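Protein chains: 2
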Amino acid sequence: MPELRKDPIVGRWVIIAPDRAKRPITIKNEPSPAGSDFCPFCEGGEEHTSSEILAYRDRNTKPNEKGWRVRVVPNRFPALQVEGALDKCGEGIYDKMNGIGAHEVIIECPFHEVSMANLSEEYVREILWVYRDRLVDLKKDRRLVYGMIFKNVGMAAGASLEHSHSQLIVTPIVPVNVWEEMNGSQEFFNYRGRCIYCDMIHQEHAAEKRIVLDTPNFVVFAPFASRFPFETWIVPKNHNSHYENIQKNELDEMGTVLKTVLMKLEIALDKPSYNYIIHTSPFDSQAVPHYHWHMEIMPRMTRIAGFEWGTGFYINSVPPEQAAAYLREVEVDVSGGRK
Amino acid sequence: MPELRKDPIVGRWVIIAPDRAKRPITIKNEPSPAGSDFCPFCEGGEEHTSSEILAYRDRNTKPNEKGWRVRVVPNRFPALQVEGALDKCGEGIYDKMNGIGAHEVIIECPFHEVSMANLSEEYVREILWVYRDRLVDLKKDRRLVYGMIFKNVGMAAGASLEHSHSQLIVTPIVPVNVWEEMNGSQEFFNYRGRCIYCDMIHQEHAAEKRIVLDTPNFVVFAPFASRFPFETWIVPKNHNSHYENIQKNELDEMGTVLKTVLMKLEIALDKPSYNYIIHTSPFDSQAVPHYHWHMEIMPRMTRIAGFEWGTGFYINSVPPEQAAAYLREVEVDVSGGRK
Numbered sequence: 002m003p004e005l006r007k008d009p010i011v012g013r014w015v016i017i018a019p020d021r022a023k024r025p026i027t028i029k030n031e032p033s034p035a036g037s038d039f040c041p042f043c044e045g046g047e048e049h050t051s052s053e054i055l056a057y058r059d060r061n062t063k064p065n066e067k068g069w070r071v072r073v074v075p076n077r078f079p080a081l082q083v084e085g086a087l088d089k090c091g092e093g094i095y096d097k098m099n100g101i102g103a104h105e106v107i108i109e110c111p112f113h114e115v116s117m118a119n120l121s122e123e124y125v126r127e128i129l130w131v132y133r134d135r136l137v138d139l140k141k142d143r144r145l146v147y148g149m150i151f152k153n154v155g156m157a158a159g160a161s162l163e164h165s166h167s168q169l170i171v172t173p174i175v176p177v178n179v180w181e182e183m184n185g186s187q188e189f190f191n192y193r194g195r196c197i198y199c200d201m202i203h204q205e206h207a208a209e210k211r212i213v214l215d216t217p218n219f220v221v222f223a224p225f226a227s228r229f230p231f232e233t234w235i236v237p238k239n240h241n242s243h244y245e246n247i248q249k250n251e252l253d254e255m256g257t258v259l260k261t262v263l264m265k266l267e268i269a270l271d272k273p274s275y276n277y278i279i280h281t282s283p284f285d286s287q288a289v290p291h292y293h294w295h296m297e298i299m300p301r302m303t304r305i306a307g308f309e310w311g312t313g314f315y316i317n318s319v320p321p322e323q324a325a326a327y328l329r330e331v332e333v334d335v336s337g338g339r340k
Numbered sequence: 002m003p004e005l006r007k008d009p010i011v012g013r014w015v016i017i018a019p020d021r022a023k024r025p026i027t028i029k030n031e032p033s034p035a036g037s038d039f040c041p042f043c044e045g046g047e048e049h050t051s052s053e054i055l056a057y058r059d060r061n062t063k064p065n066e067k068g069w070r071v072r073v074v075p076n077r078f079p080a081l082q083v084e085g086a087l088d089k090c091g092e093g094i095y096d097k098m099n100g101i102g103a104h105e106v107i108i109e110c111p112f113h114e115v116s117m118a119n120l121s122e123e124y125v126r127e128i129l130w131v132y133r134d135r136l137v138d139l140k141k142d143r144r145l146v147y148g149m150i151f152k153n154v155g156m157a158a159g160a161s162l163e164h165s166h167s168q169l170i171v172t173p174i175v176p177v178n179v180w181e182e183m184n185g186s187q188e189f190f191n192y193r194g195r196c197i198y199c200d201m202i203h204q205e206h207a208a209e210k211r212i213v214l215d216t217p218n219f220v221v222f223a224p225f226a227s228r229f230p231f232e233t234w235i236v237p238k239n240h241n242s243h244y245e246n247i248q249k250n251e252l253d254e255m256g257t258v259l260k261t262v263l264m265k266l267e268i269a270l271d272k273p274s275y276n277y278i279i280h281t282s283p284f285d286s287q288a289v290p291h292y293h294w295h296m297e298i299m300p301r302m303t304r305i306a307g308f309e310w311g312t313g314f315y316i317n318s319v320p321p322e323q324a325a326a327y328l329r330e331v332e333v334d335v336s337g338g339r340k
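So the sequences go chain by chain: A and B.
Taken in order, the first sequence gives residues 2 to 340; the numbers are from our numbering.
Taken in order, the second sequence gives residues 2 to 340; the numbers are from our numbering.
I should point out that these hints are in silico values taken from the structure, not numbers from a laboratory.
One should not assume that every hint holds.
What the hints assert, rightly or not - Think about it this way: if two alpha-carbon atoms lie no more than 25 Å apart in a straight line, the pair counts; the simulated SDA-like pairs of lysine to any residue are:
(1) B:Lys97 - A:His206
(2) B:Lys7 - A:Asp96
(3) B:Lys97 - B:Arg143
(4) A:Lys140 - A:Phe112
(5) A:Lys340 - A:Glu66
(6) A:Lys97 - B:Tyr192
(7) A:Lys238 - A:Asn178
(8) B:Lys140 - B:Leu214
(9) B:Lys97 - A:Leu55
(10) A:Lys97 - B:Phe190
(11) B:Lys249 - B:Ile54
(12) A:Lys7 - B:Leu214
(13) A:Lys97 - B:Val175
(14) A:Lys272 - A:Gln248
(15) B:Lys97 - A:Glu127
(16) A:Lys7 - B:Gly185
(17) A:Lys67 - A:Leu55
(18) A:Lys7 - B:Phe78
(19) B:Lys210 - A:His206
(20) A:Lys7 - A:Glu66
(21) A:Lys7 - B:Lys249
(22) A:Lys7 - B:Ile54
Said to hold, decoys possible - Distance ranges between label pairs, derived from CB positions:
(23) A:Cys199 - B:Pro19: 43 to 49 Å
(24) B:Asp271 - A:Lys63: 44 to 50 Å
(25) A:His49 - B:Val331: 48 to 54 Å
(26) A:Thr216 - B:Asp88: 34 to 40 Å
(27) B:Ala86 - A:Met98: 27 to 33 Å
(28) A:Thr216 - B:Ile94: 51 to 57 Å
Stated by the list, open to error - Computed far set for chain B versus chain A, every beta-carbon distance over 10 Å:
(29) Ile16
(30) Tyr57
(31) Thr172
(32) Asn178
(33) Asp200
(34) Pro224
(35) Glu245
Computed from a predicted structure; not experimentally measured.
Quick reminder that beta carbons are idealized off the backbone N, C-alpha and C, glycines included.
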């Protein structure tokens with residue numbers, strides 16, 4: 002059973018998960034042509050994963066067999082586990098709890114595709130629906146308070162398998178970085194009575210120079226204080242604190258927006274490693290006026306060095322205005338893609 | 002001129018430094034035998050660096066010529082620059098300031114040695130003295146409030162040159178992670194009237210299982226909430242909030258302690274990439290009872306993935322108790338090393 006331990010000085014939680022060390026690392030430095038090696042995520046390899054939690058499947062196909070389009074399974078080397086009661090205890094000045102939670106893998110397609118940008122718009126939409134469905138389901142569990150959906154692509158971004166997939170980690174405490182965002186936006190709201198993300202949307206529209214893409218329901222921009230070259234945020238225009246409360250028309254549009262942005266990044270940066278994370282509110286809060294869900298995409302062109310670790314200060318050599326100008330110019334055709 | 006920009010939500014500062022993209026990357030994935038390629042940090046290459054700020058030199062040798070043992074030069078591709086007045090201004094809801102500060106490189110030896118662990122104890126001591134001397138000098142500048150000394154070793158830790166060196170970045174604001182440590186330890190002090198680091202030393206002594214090394218003036222341990230496999234902290238036993246106030250006998254001992262720990266890590270992990278950072282108090286505070294300087298060493302065996310970025314939660318597959326037990330057993334002889 003993994004263990005959650007809290008740093009007594011800054012309140013940062015660490016998951017000590019010895020079983021994670023056993024996971025296979027099959028990714029290569031240079032991704033090889035699709036399908037050359039065995040991949041447990043490809044159709045036909047269902048017995049190599051844990052039993053599925055959810056799958057979007059063709060009619061008349063059975064769980065854990067062929068016929069699925071998107072499939073969710075428990076991570077075989079989980080950072081947190083769903084079984085058991087939540088025990089919290091102290092150890093002198095230290096605090097710890099057992100690692101109750103969930104760690105799921107969203108396998109995004111049955112064929113061996115390494116890039117989400119190569120999937121069709123419809124496919125990307127289905128993946129976004131799966132994210133929503135899993136959050137809605139997991140928030141029923143009273144032990145759990147936060148669900149984080151993220152994607153690691155490429156070795157430099159921490160991926161260990163190349164088949165296109167994302168992950169969901171659900172935790173029994175609100176992670177410290179999420180607290181910081183909730184608190185920071187709450188403070189702004191207390192002072193000005195407005196959502197800071199809504200204000201950012203207005204200011205980015207007025208300034209124009211950091212905008213990458215502007216659609217009826219979304220604005221995509223390089224944030225003013227970008228930590229990484231070509232960091233890109235996708236922010237819904239309608240205020241909404243919880244991703245799982247997204248409207249159908251928004252979600253459909255987001256499929257196209259996400260595919261567009263990933264295609265632009267792949268062309269601009271020649272298939273970079275990247276992470277994306279959906280930032281959303283904790284399970285236990287109702288819709289709140291100060292927080293605004295969004296997706297942050299972070300290409301991993303540079304390595305994080307000692308200075309960044311120690312200070313929380315990032316050094317970014319590409320001004321976001323330049324990155325946005327570049328990405329705006331990259332033309333892409335989203336009508337294709339594997340279905 | 003680099004620019005400092007503040008994230009309006011969480012208060013994180015980012016340095017936008019376009020010139021940094023121009024720096025040369027000469028490090029190899031597999032470090033080659035010493036001295037095979039041109040290195041601007043080797044003796045004889047003084048004209049390839051900026052003019053020296055400080056050097057420990059043999060008598061009768063001149064600045065920027067041969068004859069030095071440890072040499073400090075401005076970083077040629079600085080994240081922050083020392084010239085100019087500090088201008089702060091807003092841009093709508095955003096805050097920014099010009100990138101006033103200092104970014105120095107401490108070249109640790111004139112010969113092409115890639116590992117500090119291969120230097121003699123006396124050499125390591127001299128480097129630790131240089132750290133102190135630079136902090137004492139820079140804190141005279143009223144525009145500057147924080148000095149961070151850190152070391153990146155190996156590509157995975159963000160190093161771009163392999164010749165053994167460390168860096169010093171001095172900033173016009175206190176970095177957010179430092180604030181968190183100062184505030185967290187202040188809260189503990191307000192509540193219990195004791196320094197939390199002093200308490201940690203007591204608890205680690207009592208528990209024993211996370212201790213790597215115990216000397217008259219230092220305790221070295223794997224912290225309870227280790228973020229990384231084999232994360233190791235060197236903590237002075239005497240309460241002292243500022244590294245630059247270290248006593249001579251402590252500093253001499255720390256040379257031996259640091260060399261010992263680095264040798265142990267190199268043997269245990271087969272010359273890992275790593276970062277170390279000296280955590281110390283801001284320039285503008287007097288000696289404070291709640292904060293306690295220390296050094297954090299973070300081997301970089303794993304990559305940081307999306308989950309860690311989004312949450313501030315780390316997943317560590319090696320319990321610190323196991324790491325400490327392993328490191329305790331590794332026997333090293335510190336009497337050798339290049340002089």
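Which hint numbers doesn't this structure obey?
Going through the list in order, the structure violates hints 2, 4, 8, 9, 13, 14, 15, 18, 19, 20, 21, 22, 23, 25, 27, 28, 29, 31, 32, 33 and 34 and respects the others.
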